[in-house]
Structure formats: structure tokens, C-alpha cells
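Undergrad: Chains as they are written, first to last, in UniProt numbering: chain V, 1 to 488; chain H, 1 to 488.
Treat the hints with care, as some may be off.
[Claimed, not checked] Derived Cβ-Cβ restraints for the label pairs, each shown as a range: (1) H:PHE202 x V:ASP376: 43 to 53 Å; (2) H:PRO366 x V:ASP100: 34 to 44 Å; (3) V:ASP100 x H:PRO288: 53 to 63 Å.
It is worth saying that the hints were derived from the structure and are not from the lab.
Quick reminder that beta carbons are idealized off the backbone N, C-alpha and C, glycines included.
Each chain, letter by letter, is given below.
2 protein chains.
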Amino acid sequence: MPVRTPEWVKDAVFYQIFPDRFARSKRLRHPRGIHFKPWGSPPEEQGFQGGDLLGIVDRLDYLQELGVNALYLNPIFQSAANHRYHTYDYYRVDPLLGGDAALRELLQEAHARGIRVVLDGVFNHASRGFWPFHHILENGGDSPYVDWFYIHGWPLHPYPPDEKTPPNYGAWWGIPALPKLNVANPGVRDYLLDVAEYWIHFGIDGWRLDVPEEIDDEAFWQDFRRVVKRANPDAYIVGEIWHDAQEWLQGDRFDGVMNYGFSRAAFGFFGAQTLRTDYKPGGYELRPLDAPAFARAVAHLLSLYDWEVTQAQLNLMDSHDTARLLWTVQEDEGAARLCVLFQMTMPGAPCIYYGDEIGMSGASDPYCRAAFPWHDRGQWNEALLDFYRRAIALRHRYPVLRRGDLRILYAQGQTFAMLRHLGREAAVIVFNAGNQQATLRLEDLHPLPEGTRLQDVWGEGRDVVVQNGSLSQVTVPARAARIFMAHP
Amino acid sequence: MPVRTPEWVKDAVFYQIFPDRFARSKRLRHPRGIHFKPWGSPPEEQGFQGGDLLGIVDRLDYLQELGVNALYLNPIFQSAANHRYHTYDYYRVDPLLGGDAALRELLQEAHARGIRVVLDGVFNHASRGFWPFHHILENGGDSPYVDWFYIHGWPLHPYPPDEKTPPNYGAWWGIPALPKLNVANPGVRDYLLDVAEYWIHFGIDGWRLDVPEEIDDEAFWQDFRRVVKRANPDAYIVGEIWHDAQEWLQGDRFDGVMNYGFSRAAFGFFGAQTLRTDYKPGGYELRPLDAPAFARAVAHLLSLYDWEVTQAQLNLMDSHDTARLLWTVQEDEGAARLCVLFQMTMPGAPCIYYGDEIGMSGASDPYCRAAFPWHDRGQWNEALLDFYRRAIALRHRYPVLRRGDLRILYAQGQTFAMLRHLGREAAVIVFNAGNQQATLRLEDLHPLPEGTRLQDVWGEGRDVVVQNGSLSQVTVPARAARIFMAHP
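Bound conformation, chain V alone:
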């Protein structure tokens, strides 16, 4: 089967938003008598700080200026959790977020600016407030929905008296709040597929799929793709899979996955000196890598999938499920910048976790979910923000950075270089993760013709020229990168 992924994803720079914490809009009228936690409350405190979808609309200028052209939103359907992974109504946007009307406005305003919007689909489990589960809770075996879940005994005890009592129904990780849906039941299947289709018709541009491996049913995900692509052939389907995922990316299920493997490689190389190796995002080890090991990791990532898929990966450094980028490298901003530049020069859609660009830091959940400090610009790292803007702009300026072929040119010590090539455009990208300036000779630059002049479009160094099939005396300052561009 020929693999096809959406063209727009190859050109996308995503921005991930945790809706309760990104921005609160003054325009949204909540029910009278509703009180939120103060904006900027410590994220370790549970509760709702009142971010909403109109808040995102209000910040589209900011996002556009940053260079973002796609949003991935954590779940927005009705849920009694501030992260909203515990869905109780799949057909409605949570009223605290502004309801369906706010999503409609967000889609209109975002689309008017050429910004796509991808939602988070949580189809493995619902919440104990989801109506068919409530129906069973109230009616026991008399409920017509009794087969929508995996019931092991009566009466159900969804609110057990203590943490030792396991739920007597299938639940994600045994968490009573998250009863697992029985997708073997054709009614459940129809329901979930209808949800998937409904929101595509509503206007969203794709689905990020939560814990899809928990639905161990190939046909379900094939049906899912058919339904979604029939509704919009350009819709993006990206699965939350933390490891190599060849079987999921053969063209019949997902377009890409959340590329945590990408982040582990980048952390290992660019963060080698400062990495928190005691922190294991998603249970996976972070290990310092020298350039040869990094090159092997990059080569491995590139070898896994069809090139169509590689270009449609979601290349992220962090998310709501991990510590933030800066925290993971112990606030080593230089390492963080190199990671971001690597995102911006690799195939696959970079994804920025909200606030990283202004220097927000924080350990894993709940610390990575703080409120964006719109209220206190003094907290912003303006220089870092400028760096993000420039790096993103660079990616947008040069198609070769998005779609060009990739060949590793050099990997020694702490220096890594790659060649990207697309038609008459080519880029030579050199990263120096070490503490000393590096001077290196890059060979085997085919298909660049002899005499090709490459302009340094990132650093301030001089242009270089291909001579004898090589670039000699390429210097890269410590903890920096050079991006040399040949373009017509």
C-alpha cells in the first residue's frame, strides 16, 4: 500500500496547548458564581485556573508572530479533570473552555490565519461520569449499555473506600476513574467512530490519539483512519506511541506518532553535559550520547518509516506528559536552543510545548502544567523567545529544511553535521554540542556541484564554497550551530 500523509503536516510547526493553563479570555462569560483558582497558582494544586478556547483565539497574534501554523490541543471535551482526559461527553466541548461555540470561533480564526487545529482523542477509556457507565452504575445488568465496558462483578464500586480496592471493571492502569471502553462491542465502535467523524466535520484538522496501543485491535484503527480520511483526506492522525512504531505507520492506521524517540536522541546529544539521567520520561532512559551514537540514533529514526511518514512525525521535546525541556537539561539554555534548532532542521513537524519558548520550566506533571505568565512579562525570557522565532522562521523560509532528503555528513566527538537537499536547494547543518569551538572538514557533499557557494544563514560566519567535493575549515563555536544554505 502506498503511504500517504498530509502535505500540510510536512510544513507544520505545532504548538501544544494545555487548555486550562494557556490563556483565559475576558470575553468568555462563565456561569454566574463560578470561581477559578487564581491564574498562576502553583500547578501542584489541583483545580481549574480557567484557561479557555477564546483565550487561545485572543493569543493567535502571538502564536502567528512566533511562527506557529498548527495547534495540538490537549483534550477539550466535557470532563471533570483539569487535563480533561476523563471524558464524560465526547460530543461537547467543556463549558469551562467556552463550549462548542468557542471551538467554532477558534477554528474560524485559526483557519483564517492558516493555522490548523488538531484535537486529542481519548478513545481507550472514558470517565466514570460518562453516561453509559453511569447508566450501568444505576441499573446494573438491566442497563442496555452493560456491554460497553468490561464488568467483572456487581455491584460496581467506582468510588472505592480506599486505594487498595481495585475496581471491579476494566480500567486504564487499574484507575477507577478511567473505565475502559469495550471496542469489541459494535455499538461502542460505531459510537467512537462517529465521534471521530463528527469533529472532523465540525472542522478540526486531525486527531492526536491517546494511548492507542491499549486498543489492541488493528481493524478498529483501520476503520478509524477510513472514517476520518473520508471526512477529510487532509486530516492528520498522530498516535501517542513512545517507541518505534513501524506496525502502526504502514499507511493504514496513523500518519505519524508523537516522536519521543526524537526527543531522547536530541536530549542525549545536546544535553549530554546537563541531562537529568535520573529522570525517565515515559519510563524511557535518557542517556548522554556522543556524536557517533547520536548519528546512529538519527539514522535509526530515519530508517524506521517511509519517508512520507518521517515527514509527518510529531517531533517534540516535551509535553504535558513529561518534564519541560529546560528542566530536563537543568536549565541549560544552550542545550535547549540546540534541541530546538535540531527540531527546526529535521524532517517531521516540530512541536513546541506552550511556554517553552519564553523559558517556562518544570518537572513532570503537575509541574509542567503551570499557567502561561501573560500577567507578568517579567517572567519571560525574551531572548529565548526571539531565538524560537528566528529558528521557526528559518524553517518556514527554506523548504529544504522541511522536505529535503537527509544525509549525515559528520559525527565525531561532539560535532554532528548533516546535508539536506531538495531540488536546487541544499543545506549543510552543523551542530557543535561541545564546549570548544570546532573546526571540521565536511566531505562527500554530492550532489552539490563543485563551486557551490553556501551562505551562512544562522551564525555570523562567512560563506563557504564546495571545493574538491568538500567544505574545509568549517568552524562552529562552542554550543552552537551553523546552517549553510545553497539556494538559487
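Given chain V, put chain H in place with the hints provided.
TA: The following block gives chain H in isolation, referenced to the frame of chain V:
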């Protein structure tokens, strides 16, 4: 304040439907894998027999032939109870009933036939599956909805381990399944009023209000009326109040109440010989009445309210909350027929509980909630059905029976007569609840002119003529009625 009630209610004959048990439509496509109890299962078994709103549409011919021109439906919003008094979503019709689409079709088809549709509004309490309650359950005091209910302690235990543990939140009758809404919270108030308005705009013709006295807040109900009447000045608002309700019927809250007082008077007189006096519907005693006592009861009912209100009362004999008419008089069909004829000749809108017309009987809940035996016409009392049709047709034929003034003419032993008068139309209605034929003289027939000829439009007796201001020698067979009509 001048009292105004909807004109159409004065001409209405209601039919109350318990949706899970009235009719199942073959046209409704349920989710795959949904199973109902067999239609006609013993009503004492819990669970769902699968009646739905398209089932009602499918039976509109039957209802129209019966003479019904208004429906009162027990609750239809999303609920995990077969009676659906435990609402979990006020903005959606239950999917088992066919969802919003089925209600839309029912409203279109009913309205096309001149049949109004009144829904049951349950605003005092929701269910423990109602999303703001679920929100509190999941978030405790961190939920922005914490003031939507009356929380007395943490953690909430909505599913207590035994029946002795009272809920630690306000609940109707202390039933954990029914958390009481805090209408003092302006957000809750706005929410409920919006629900009221939403469905009126959707096209319903009024609200029957469940346990309204539990919302001890005059201003709430005044606001409720304003909102509903602004959306549709012709909407009917009828409260479930089992006793005299003068304060509720001054024109600023309800148009009428469920007139259980009417039923108690009728049972007492027409069912005097067979009444189950050990049965107390709603906790109220049923007592045998002779004609003078019955006349006092009727006079009392007429004295309670403005004439506008009296004409807009919902005159019922039974409901989902009581035993059925026939059961209450120990299957004494003669008594039941007289009760029905009394409904059809009194001011106020008669309301027939589904299936009474074909002789369905049954003690109080759950026995009064059996499935309508469409599947077995052998169970139908066809003669009784014919009686209902004729009695209803009579009411429709003569405006005087609906809107005429009423004066009691006679009340002795077991015989009761009344005069109704409207313009040039007049009716003399005589009920004989005794076992002997009665012959009586009716006097003081003003304003009927001397020589007025009244036609016997119900029995087979001869016409009668007003002579010396009286009707002499009026004979009424045992357990029967005569309806003499003077019309131009």
C-alpha cells in the same frame, strides 16, 4: 394581576405517556448491541422495555382517533432511570428514546395534527450522573461547580455501602441518587431557566413541573414563568401539587396543577362502593362520598381558583405516581366510566393515563407502568375504548362542556346534577352513582328560558323540556349518566 391561562388548554384532552412503556418504533435504529427487556415484561422488573418517541409518532393515528389533542410525556431527557426522573443531561433527549431528532419528528407530526406536547421538567434535583455533580465528585472543593448543590461533608459518598448511610449532601427525600440543586446559586438559576427556554424554543408546548414545592423560592418560579411565556405566551405551565394550591395559581407562577383533588372527589363519589380505601395515592385518603359531600367537594374545587385557572387545571384520575383508575376501584368498570365522563364534562383539561382507555389496570408504581399491549389486542377492552372515544368526542363537540359556567343543580343520595352554560348552549349533566335507577326533578334552571328543549346526547332517553323553570321526571339508570344538551 389579571390571570391568564392558555386558551388551548381549556379545549385540550391530554394523554399522559410514560415513554419507556408506551410504544417501541421499528423505525428507530438503536446502537448495535443494545438489548431491551421483552415488550410486555412484568413492570415490577426493573430495566428498559424500549419505548421511544418515534413509537409515539407511529401511534398518533390511534391517539387522534381516541380524540386526544395534547400529550404530557414523563421525562425524556438523558437519564439512567427507566422513568427518567434522574436527569443527567437537561439539553438532550435520551438516546434510547431516539434523541433530539425523534423529539423533533414527534413535535412536527403532532403539531401537524393539532396535538400539543408538554414535557416533564425536573428542576428540584438532578441525578448523581449530572455533570456538575460528577465534577464535584471528581474534584471536591476544587470544582468550580461546588456551589451547585448542598454539600455537607467530604468526601462525598453518592454510592453509600448500605441504605442506612445518609448522603452527605442535600438530596430529594434523602435519596442519594437525587442530589438537590441549589437554585439560590445564580449560575444554577440561569442554567435551569435556560433549559426551560431552550425546549420551548425547540417547540414544546409547555412544562409539567415535578415537585415544584421543593423549590421554596417564589421568585424562581416567577422568573420561570416570565422566561417560558416570553418564549411562547401560549405555553402551558402545570405544577405537580397534590393539594389546594391557591398561592401557586395567582397568575404569576403556574397556569394549573395536576388536579389530584379532582380525582379524589371523583373516586369518592363514583367509586364509593368499590374504592380501595386502604390505598392512599400520594398519601391522601380516598373516602367514599355521598352526593352532598361530593357536591361540597366539587364546589370547593371550583371555589379555589380564578375561573381562568379552573379551566386550565389538569384533571386526571391517575398517573405514573398512582395506581391506575381501574385498580383503585377494584376493576369496577362502571365506576371508572363515570369518572371519565365526569372528567369530560368538567372545566379543566382531562388527562388520560396511557392504556386506561383499553382497560389497563395495576397498583401503584411499578405496576402502573406496564407496556401498552400493542402486541396482543386480545388484552384490550374494546368496549371501554369505544366509551372513551365517545366521551372525548362529546367534550370536543360541545364547547359548553369545556368552557361553560357551572352550577350544581342537585345532590341527593347518590345522584348529582349540574348545569353548564355558555352563550346559547347549555348542558344538564346528571350522574347516578347508585345501584338503582333514579328519577329526579331538577329545579332552578335559570338562565334557560321556559320551554327550552334539551336533547339527550349521551343516553338513549327522550328529550326533556324546561317547564315551570324545571325539568321533571328525569330518569337516570343505575350507574349511569345523562347529558342533556340545549344548543342552537
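Undergrad: Would you list, in rising numerical order, the hints stated earlier that this structure does not obey?
TA: none
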